[in-house]
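Engineer: The primary structure of each chain is shown beneath.
2 protein chains.
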Amino acid sequence: MPSTAPDAEAAPKTQPKAKTPTPRERARAQTIADIVRLGREHLAVHGAAGLSLRAVARDLGVVSSAVYRYVESRDELLTLLLIDGYNELGDEVDTAVAAVPENDFAGQFRALGKAVRAWALREPASYALLFGSPVPGYQAPGERTTVPGTRVIFRLVSIFDAAHRAGALKTQASPAVVIPPALAADMVNIRTELGITVPESALARGVLAWTSVFGAVSFEVFGQYGRDTFSAREELFEHQLLVLQGMAGL
Amino acid sequence: MPSTAPDAEAAPKTQPKAKTPTPRERARAQTIADIVRLGREHLAVHGAAGLSLRAVARDLGVVSSAVYRYVESRDELLTLLLIDGYNELGDEVDTAVAAVPENDFAGQFRALGKAVRAWALREPASYALLFGSPVPGYQAPGERTTVPGTRVIFRLVSIFDAAHRAGALKTQASPAVVIPPALAADMVNIRTELGITVPESALARGVLAWTSVFGAVSFEVFGQYGRDTFSAREELFEHQLLVLQGMAGL
DNA sequence: CAACAAATGAGAGCACCGCTCTTGACTTTG
DNA sequence: CAAAGTCAAGAGCGGTGCTCTCATTTGTTG
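Protein sequences appear in the order of chains R and C. Residue numbers are given in our numbering: position 231 of the first sequence equals residue 231, and the series is strictly consecutive. Residue numbers are given in our numbering: position 146 of the second sequence equals residue 396, and the series is strictly consecutive.
These aren't lab readings, by the way, just hints derived from the structure by calculation. A virtual CB, placed ideally from N, CA and C, is assigned to each residue, including glycine. Among the hints, erroneous ones may be present.
[As the list claims (entries may be wrong)] Some chain C residues flagged as far from chain R (calculated, every beta-carbon gap over 10 Å): (1) G340; (2) E352; (3) G357; (4) K364; (5) T442.
[Unchecked claim] Among chain C residues calculated to face chain R with C-beta under 7 Å, some are: (6) H296; (7) A454; (8) F464; (9) L486.
Based on the sequences and whatever the hints tell you, model everything.
Structural biologist: Dropping the structure here:
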């Protein structure tokens, strides 16, 4: 794939660069892909804080300064890994949700949650990079990370919205809790921004379901549960999803 | 305070060392306390991964190798900061819960949640150390951290147990969700270990409330909410606590 | 095909890190 | 008062991110 522009080919624009990829560009893209791949391996083993460009260079069979030809800095590599992780998670969530019947909204919610958990347990270091403690001194560039970084939450919102449109969302949850005006205003903003029709209270419960799923996954991935407090973690999470879907009105 | 034993004074034991603290011991304890204090400051600024013994030594006005007289290693300092954080959080949670009337169990739950959130927002680096991504290569020594590390969850469990004993816990939540046998067995184990009487389903919902609170706090502290998705974060969290307390049967 | 220019890799170097070891000075204790 | 114990300092090892210079490779173009 080309290094900069997302337009694959054709359409000669004002930029004289975006033609068919020259062999140099191809080699360059391949090298960057190799760096990202090795970076992922190091991330998995040593964590985000232990990600070392020098070590990646060694694995690449090249001196450390050479990788700076391809990656601007360690933070740049972190950004590439961040985008990589967001997209991998987003892909797996999408396929998991798509495998559930269109009108089984609760099942879609559970499939989403289980996909998140499965990916997180398989790639704990990437999960930690995406959803764990922020890497000190590193600020993700929003213009590159927001789109892949919001794929899962968008998917969840779309499930709620589809359920609501289908009349399958219980908007009046069992213990009715009033929403203060300031919070309601936020919810209205979100609703208009996303172009959905879910009422405020249901939207708030959806947000809570979202954060709760990640709380449960984080506890498990980050080892907050005691070593052997829970032996049936799969069942625990499944149960939590069932309770949460009820709370959210699905 | 003495460096090793928790017995303040008197009671001459078999150990010939535990007398009145010598000036040397006092100075040593003071130096260690200074190191921990400076370590906390560095933790707050540079995060756990950026915690540097050399920098602490500089602030202490001493050469780097000198601090190794007081702290075995960087990981040892991390452990001290971990215990420090757990105890500070535990203290604040305890006082916050104690300020609520004894029979207002839902209020106690909310007070606990709000105390956790307030502390986390005030000390994000410590919160990240305690509940965020694990520091790669660092394993907390359980024999020193489990007791302070379980103070808050014990407090929460005790609220649920007291509510149940007082007959104020709705054990049959609105959408009844069956608990698979393996998970029920885990819950029975926990119940007997803690010496409480809460039924399995309520205990499971308590666990979910616990992880959900931390999910919500983590999202806020770790900046997972968009920059300006929510302007009324205080109200959002309060609302989430209300929903969770309903879900948990309080 | 040859010449040129861009892209690339190597190496040295800077300042930082955790940690170890030795040395000399100091303080407490017998 | 001298021995024992404690401590700060400094040098040193291997690691890190990153910059700079220099030589070489490589693709393109006249």
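Engineer: Against this structure, judge whether each hint is valid.
Structural biologist: Status of each hint after checking the structure:
no.	hint	result
1	G340	holds, 15 Å
2	E352	holds, 23 Å
3	G357	holds, 15 Å
4	K364	holds, 15 Å
5	T442	holds, 13 Å
6	H296	holds, 5 Å
7	A454	holds, 6 Å
8	F464	holds, 5 Å
9	L486	holds, 6 Å
When held up to the earlier numbered hints, the structure conflicts with none and fits them all.
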